[in-house]
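Visitor: If you want the building blocks of each chain, they are given just below.
2 protein chains.
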Amino acid sequence: MDVMGRIERALYAAVSRADVEACPPRLAAAMRHAVFPRGARIRPRLCLAVAAACGEDEPEVTDAAAASIELLHCASLVHDDLPCFDDADTRRGRPTVHRAFGEPLAVLAGDALIVLAFQTLAYGAAVTPKRLAPLMLTIAGSVGVPCGIVAGQAWECEASVDLAQYQREKTGALFAAATVAGAASVGAEAEPWRPLGARLGEAFQVADDILDATANPDAVGKPVGRDLALDRPSAVRELGLDGAILRLESLAAAAVDAVPACPGATALRSHILTETMRLLPKELARHAA
Amino acid sequence: MDVMGRIERALYAAVSRADVEACPPRLAAAMRHAVFPRGARIRPRLCLAVAAACGEDEPEVTDAAAASIELLHCASLVHDDLPCFDDADTRRGRPTVHRAFGEPLAVLAGDALIVLAFQTLAYGAAVTPKRLAPLMLTIAGSVGVPCGIVAGQAWECEASVDLAQYQREKTGALFAAATVAGAASVGAEAEPWRPLGARLGEAFQVADDILDATANPDAVGKPVGRDLALDRPSAVRELGLDGAILRLESLAAAAVDAVPACPGATALRSHILTETMRLLPKELARHAA
Chain D
1 MDVMGRIERA LYAAVSRADV EACPPRLAAA MRHAVFPRGA RIRPRLCLAV AAACGEDEPE
61 VTDAAAASIE LLHCASLVHD DLPCFDDADT RRGRPTVHRA FGEPLAVLAG DALIVLAFQT
121 LAYGAAVTPK RLAPLMLTIA GSVGVPCGIV AGQAWECEAS VDLAQYQREK TGALFAAATV
181 AGAASVGAEA EPWRPLGARL GEAFQVADDI LDATANPDAV GKPVGRDLAL DRPSAVRELG
241 LDGAILRLES LAAAAVDAVP ACPGATALRS HILTETMRLL PKELARHAA
Chain B
1001 MDVMGRIERA LYAAVSRADV EACPPRLAAA MRHAVFPRGA RIRPRLCLAV AAACGEDEPE
1061 VTDAAAASIE LLHCASLVHD DLPCFDDADT RRGRPTVHRA FGEPLAVLAG DALIVLAFQT
1121 LAYGAAVTPK RLAPLMLTIA GSVGVPCGIV AGQAWECEAS VDLAQYQREK TGALFAAATV
1181 AGAASVGAEA EPWRPLGARL GEAFQVADDI LDATANPDAV GKPVGRDLAL DRPSAVRELG
1241 LDGAILRLES LAAAAVDAVP ACPGATALRS HILTETMRLL PKELARHAA
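Line order of the protein sequences matches chains D and B. For the first sequence, our numbering gives the first residue as 1, with consecutive numbering after it. For the second sequence, our numbering gives the first residue as 1001, with consecutive numbering after it.
It is possible that part of the hints are untrue.
Some chain B residues near chain D, calculated using beta-carbon distances under 8 Å [said to hold, decoys possible]:
| no. | residue |
| --- | --- |
| 1 | 1036 |
| 2 | 1125 |
| 3 | 1150 |
Computed from the model, here is a short list of chain B residues facing chain D with C-beta under 8 Å [unchecked claim]:
| no. | residue |
| --- | --- |
| 4 | 1104 |
| 5 | 1116 |
| 6 | 1147 |
These are calculated hints, taken from the structure and not from any lab test. Note that beta-carbon positions come from the ideal geometry of N, C-alpha and C, so glycine has one too.
Take the sequences, apply the hints, and build the full model.
Guide: As structure tokens, this is what we get:
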């Protein structure tokens, strides 16, 4: 099965735990709405690519790690969109969860998706009990305190913020989890994979800033021009559009350099370059190439 | 160390993961506010009592399970108190987390506490990797979908609700997790412990209804008389005060009968009777005795 098929199957199996008669049907629907139809699935694809490069031996474990990371990503989007944060109306071209199901179910769907991420991991890693704790700690650490995405979001509630730390946690943490968990899911030494994830997280942040400044809202499925409107820091505002594209290219190169020695290093390097350029709007990607 | 000392130490160690320089300080403070000073700690004490009755061998694992359950309970209180649910001003005699820290930090503190619960479990069970997955699945199942406390809360967003199922999930699920996880933390056969937890959860619900109908708000640290004001179902409204007390006594007796064969069954039975009567306001407990 291709990579995307594996990811969707694993996510579908996970969300189906809610799709039983015993579950409140609107909660199940809100969870499905948050996870499907698919976004780019960048983080789980990265997790699978790293596992393949390390010599994957237990696909079930890798699929569980990849799905767990994507579920946590979806949960964070649901809570970030809430009225008390971004108060967003659309996401992936559709109403956000709280617009479609109301605020109580958006809070609960986010909570349930966080829990489901860890359930998915525990089910998937049942075949190799020794891999569960390291995977749990890697993935949970990238979401919780002191340095995960929840902590990153919480910097918005502080009087003073270190911007680099804010972005490292809010965006980079889950990318680092994807590379580290990819390696951990095959039982490989995992920590050397962290710098790769961190650089890709930074690259993604720059690409997101470029998208916000240049893209058509219909093409990205969410409002654009928000960085300028909300006076938020952005690579485009700081470096100009061409400068931001150069920065993205240099981060992609740095990511390629950060791939640790492994059986599939060459294929992984090529995957990273292709994927990073795919983050750009089509016209700009052609321009950069 | 006594039971309460063990629980507070384990919770303090868990929450201290947020109490480092790298963590947004207001998020760390909101998490502390949600967990300390202590409530009754009924669920973790139950977990420790069952583990002791089963012949506890790895106190670290049991402490982690107990702390994990209490962190999830605290997280659920923080989110339940939010304006979009109960919009509560006070909890344990102090402002609720969103009153003290604002709504964004209340959402994030709840999220971070859920993640911290699973981190705590993964750290604590490191010594016995084979016990981690069953503990994870027991505890996660009691919180998430299809039948955990989040699902219970989500029934409030449905047009029609089975009251017994609603209460079983919203209150009973975490009590069942406490008894099942207590046994699983020792490596004992765990599922036979579920009926005990379920009955105690029901007893707790009745005791809570009695408290709501009879207690002084200063004594319980939260508003009372809410069931009548909000037209919510309640054992007191259904059976009268004396009837509700009789119902509590009969549930306590049923719980005692549900204790599975184990080395410490006698002590556990006595613990259960004492604890159930302690749930009542003092005057009523004397009256019932």
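Visitor: Evaluate each hint against the coordinates.
Guide: Going through the hints against the structure:
1. 1036: It is violated, given that the least Cβ distance between residue 1036 of chain B and chain D is near 16 Å, above 8 Å.
2. 1125: At 7 Å from the nearest chain D Cβ, residue 1125 of chain B passes the 8 Å test, so the hint holds.
3. 1150: 5 Å, holds
4. 1104: 5 Å, holds
5. 1116: Nearest chain D Cβ about 6 Å off; hint holds.
6. 1147: At 5 Å from the nearest chain D Cβ, residue 1147 of chain B passes the 8 Å test, so the hint holds.
Violated hint for the displayed structure: number 1, the only one.
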